[in-house]
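Student: Okay, here's what each chain looks like letter by letter:
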Amino acid sequence: MAFETVGQQEASRRLFPAMRRTRLPGGYMGKLLYVDLSAGRTQDLNLPEEPVLRRYWGGQALGEYILLHLLRQDAQPFDADVPIVMMTGPVTGTGLTPGGTKMTSVFLSPATKYTLGRAATSGFWAVALKAAGYDGIILTGQAERPTYLYLDDGRVTLRDASRVWGKGTRETEDLLRAEVRRQDARVACIGPAGENLVHAGMLANDYNHFASHGVGAVMGSKKLKAIVARGTARPPIHNKPALIQAGERWRNTLQVFSVDGRRSVGHGAAWGAITKHNWRTTTIDGPETSGFEDNRITPRPCFQCGRLCPWDVELKSGDHVGHIGHFDAGSEWLDTFFNLDINGNDVLYLAERINDLGIECSHFADGAGLAFEAWEKGLLGPDRTDGLELKWGDTATVDRLLEMCARREGWLGNLLADGPKELAEALGGDAPQWVVHTKSGTPAQHEWRPMLGNMLRELVASGGMKPQGGGSTNPAPDLRYREKWGPLDPMKSEGWAWSHLLSEQYRQASGLMGACWFAMNQNRPDGIKCMVDSLNATTGWDVTLDELLETGHRSMLLQSIFGTQRGWRASDDWTNVGPRFLEPIPDGKYKGFTIAQFLPDLIQEYYRLSGRDENSGRPLKATLEHLGLEEFMEWSDSE
Amino acid sequence: MTEAPIRLVPRAEIRSRRPYPTGRLFDGKARAILFDSSKCIGCRQCVEACKDWNDLPRGDQYRIGSSTWLTMEPPVLEGTASVWGRNSCMHCEFPACAAVCPVEAITKYAEGPVVIDPEVCIGCEYCVYACPWRVISKNEVTGKSTKCTGCADRQSAGLQPFCVQACPVDALSFGLVEEMEAQANERAGVTGGTVYGQREAGGTHVFHVLMRALADHGLPRVPALRYPRHHIPMSVKIGGVVGMTGGWQGKVRSVTNALFKPWRLKYRYWQTPGR
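Chains as they are written, first to last, in our numbering: chain F, 1 to 639; chain B, 1 to 275.
If you are wondering where the hints come from, they were derived from the structure by calculation, not from laboratory data.
Note that the coordinates shown come from a computational prediction; the quantities given were computed from them, not determined experimentally.
Careful: at least some of the hints might be erroneous.
Not the full set, but computed from the structure, chain F residues with beta-carbon under 10 Å of chain B [claimed, not checked]:
| # | residue |
| --- | --- |
| 1 | R181 |
| 2 | Q183 |
| 3 | Q304 |
Mimicking DSS-like on lysine-lysine, the simulated pairs with C-alpha atoms at most 30 Å apart in a straight line are [what the hints assert, rightly or not]:
| # | chain 1 | residue 1 | chain 2 | residue 2 |
| --- | --- | --- | --- | --- |
| 4 | F | K240 | B | K138 |
| 5 | F | K492 | F | K466 |
| 6 | B | K39 | F | K316 |
| 7 | B | K138 | B | K266 |
Computed footprint of chain F on chain B, listed as stretches where at least three residues anywhere in the stretch have a Cβ under 8 Å from a Cβ of chain F [what the hints assert, rightly or not]:
| # | stretch |
| --- | --- |
| 8 | 92–103 |
| 9 | 115–125 |
| 10 | 139–148 |
Glycine included, each C-beta is placed from N, C-alpha and C at the ideal position.
Turn these sequences into a full structure, and let the hints guide you.
Tutor: Okay, structure coming up:
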């Protein structure tokens with residue numbers, strides 16, 4: 001057994017049966033790969049028994065459940081023995097539904113150091129992992145030299161990655177695919193940012209996909225450059241005709257991205273506000289998208305998904321004509337560079353650079369935004385910028401800052417790598433008042449401040465970066481059999497705590513089954529039901545909508561138990577926040593609005609409604625009993 | 001589109017003297033797949049859908065083989081080429097693969113599909129070499145020839161092929177031959193492209209709207225002749241005659257077939273250019 005401590009060995013025996021006593025449900029490959037990088041050993045483990053799978057499904061929840069058993073309570077994010085647990089779900093890779101592409105990693109967040117790190121990605125890599133024969137991977141240990149893991153149809157090898165160490169994510173992907181001489185190999189790798197332990201280093205896969213929240217940094221600390229996977233296996237399916245039917249219904253619910261939509265300011269266009277000038281301007285003035293109209297845009301959808309989120313762009317104007325960018329669904333990276341007053345195709349050029357270096361965009365946006373503001377206000381001078389003059393909107397300067405951040409060059413580069421909160425503290429003066437962060441992490445980079453549900457989501461998440469939920473003004477059509485409320489007033493707090501809680505549950509559940517929540521369209525009738533039916537057809541279970549919400553709820557609670565074990569309290573959600581994030585909106589159509597007027601009541605209401613104590617954030621005993629989480633009773637509220 | 005389409009042979013004629021079995025799946029009305037390269041984004045969802053419907057192994061998406069019956073050309077990562085081509089069975093109106101099969105394992109259906117029956121196939125590989133598009137492969141494990149079936153099983157139930165259903169950008173369509181031909185010509189007119197598959201090999205049931213030269217789409221030039229001249233290697237022919245391909249049962253079936261239908265042999269051994 002490769003597990004080190006007695007506790008880990010005991011947990012492993014309990015979790016991963018040597019011989020299955022229960023049925024392996026459809027959709028699962030049945031195996032996890034355990035990798036000890038220190039010892040250079042790998043071991044196949046059986047997936048937990050069916051009752052555990054039925055309770056957690058996969059993805060974040062199953063990963064959390066395993067992580068909670070394996071991680072020391074006093075561990076630090078870059079300790080050699082801390083594990084990263086990567087999990088797919090039963091719906092991942094069947095090919096018969098859209099969105100069956102998800103892999104979620106869970107680990108101790110290097111950004112916050114005390115909450116759950118959660119890094120999810122789509123594309124093709126998770127499908128290749130299952131084709132190689134595995135539902136997930138447990139990575140632990142620390143390699144002596146740069147290493148990559150190669151999974152080839154059930155055969156596992158650890159290989160030397162010296163040749164690609166220091167290289168960007170795109171070149172790494174190409175070189176490793178060539179090195180294993182399998183064109184169908186899929187590569188998930190880190191860039192220089194992960195190697196240099198930038199706290200929000202990303203894992204990039206299949207060119208267009210990025211897992212954030214610092215998983216790249218944890219991989220970098222383990223000297224693991226990449227995981228390359230390929231194979232011929234496909235998950236067994238309980239009822240294929242039923243899955244085809246449910247998958248077709250699912251396909252019909254998708255809200256397809258249009259190519260023209262890629263010529264706008266992105267997500268912020270929907271509500272008319274974007275982040276500019278380090279969150280001090282929100283208006284969309286026009287020059288932001290200049291040149292976008294002539295670019296060549298190609299959708300690059302994920303495995304068998306018709307939503308067409310990911311896309312490539314070839315720049316047709318500006319200083320970087322001919323450059324090709326590979327982007328994912330969201331447009332946080334647009335707002336990242338708008339926040340530094342960059343406009344037009346330079347934004348797309350820099351977005352490609354940040355993805356190649358492997359830095360989570362909001363981490364850089366809020367750090368660099370703060371640095372520019374500090375320069376503007378005389379708090380930062382050339383002595384600490386390696387001579388760089390931080391002029392707003394200067395592409396070359398931002399380009400250089402990206403490199404400095406990814407490689408931890410100089411005083412500023414090193415602090416940009418640590419994070420905006422660390423930079424603010426180092427700058428001193430009033431800088432801590434100008435920073436945006438959530439528990440030292442950073443919120444997904446959009447101008448969320450006008451929207452209560454989304455702000456609530458960002459504040460209660462485990463330290464920023466790609467949280468789930470956000471609520472809606474009316475309940476999802478599929479849930480109207482039990483949800484009798486709405487429409488909510490966007491400017492009043494009434495109802496938003498419950499609305500967000502509900503959406504967090506179903507979006508969590510989407511990932512747990514191995515599906516991407518971008519492919520979940522809860523706003524259309526059948527948007528959630530088709531996914532439940534797909535899960536049931538795949539596994540042979542009889543999950544209901546209520547059970548789907550409960551499973552999502554279970555995942556949320558494991559996430560907060562993880563934080564509780566390491567000192568997190570609910571009050572951190574409204575006290576450990578960069579003040580700029582809670583300031584009244586400075587201009588535009590939402591001028592003067594702020595969620596701060598409803599705090600902490602709104603957050604406390606959210607915890608009460610989710611069966612947790614409103615101050616400690618710990619789950620109530622009754623909640624744990626209801627959800628079958630009695631084994632975590634010692635972490636329930638006792639105040 | 002520069003040349004007039006040739007007339008496809010009426011169904012009744014198909015059922016007349018053909019050098020291979022013919023049949024009917026559904027309503028007997030000829031159908032076709034239309035691939036419009038001007039819409040294709042190279043995502044390969046059609047390729048994976050083909051594998052999913054037919055339970056073929058994952059991986060190896062880049063070359064035609066027994067586990068991949070449909071590829072998108074060129075063989076580069078999805079989305080990274082500027083133009084794409086579809087490479088799979090064209091479901092010829094006059095399938096040379098079926099004509100050369102010594103045991104009549106390949107059936108031409110009135111609706112369009114050309115289907116290999118693995119129970120009958122003896123693995124002689126004649127069809128592999130006779131196919132003008134080289135889209136038939138021998139499964140090394142089962143020893144049988146494999147290729148796209150045109151989702152004949154789905155067509156029997158009135159459903160469209162699974163690859164068509166999977167296309168997220170409507171680059172694939174499926175319908176009656178006449179409608180698909182009209183649509184192909186119209187799309188070629190709008191996009192300034194050409195239509196492929198109407199005349200090649202005497203007509204097929206897969207039409208392509210092409211934006212560039214054939215080679216850019218990974219397609220071969222195939223003469224507008226029925227049963228175009230093939231190049232079955234002499235070693236394969238001799239092996240088929242003197243060897244024991246398909247075992248005793250296979251040998252008995254192929255010899256019996258040759259004795260009772262000697263006129264079929266010309267397609268294999270004394271092939272003359274088609275009409």
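Student: So, for every hint listed, does it hold in this structure?
Tutor: Hint-by-hint comparison with the structure:
1. R181: 13 Å, violated
2. Q183: 5 Å, holds
3. Q304: Holds - the Cβ of F/Q304 comes within 10 Å of chain B, reaching about 5 Å at its closest.
4. F/K240 with B/K138: 27 Å, holds
5. F/K492 with F/K466: 24 Å, holds
6. B/K39 with F/K316: Given pair B/K39, F/K316 holds - Cα atoms ~21 Å apart, limit 30 Å.
7. B/K138 with B/K266: Holds, at roughly 23 Å.
8. 92–103: Since three or more residues must qualify, the claim that chain F covers the stretch 92–103 of chain B is violated, with 0 doing so at under 8 Å.
9. 115–125: Since three or more residues must qualify, the claim that chain F covers the stretch 115–125 of chain B is violated, with 0 doing so at under 8 Å.
10. 139–148: violated (count 0)
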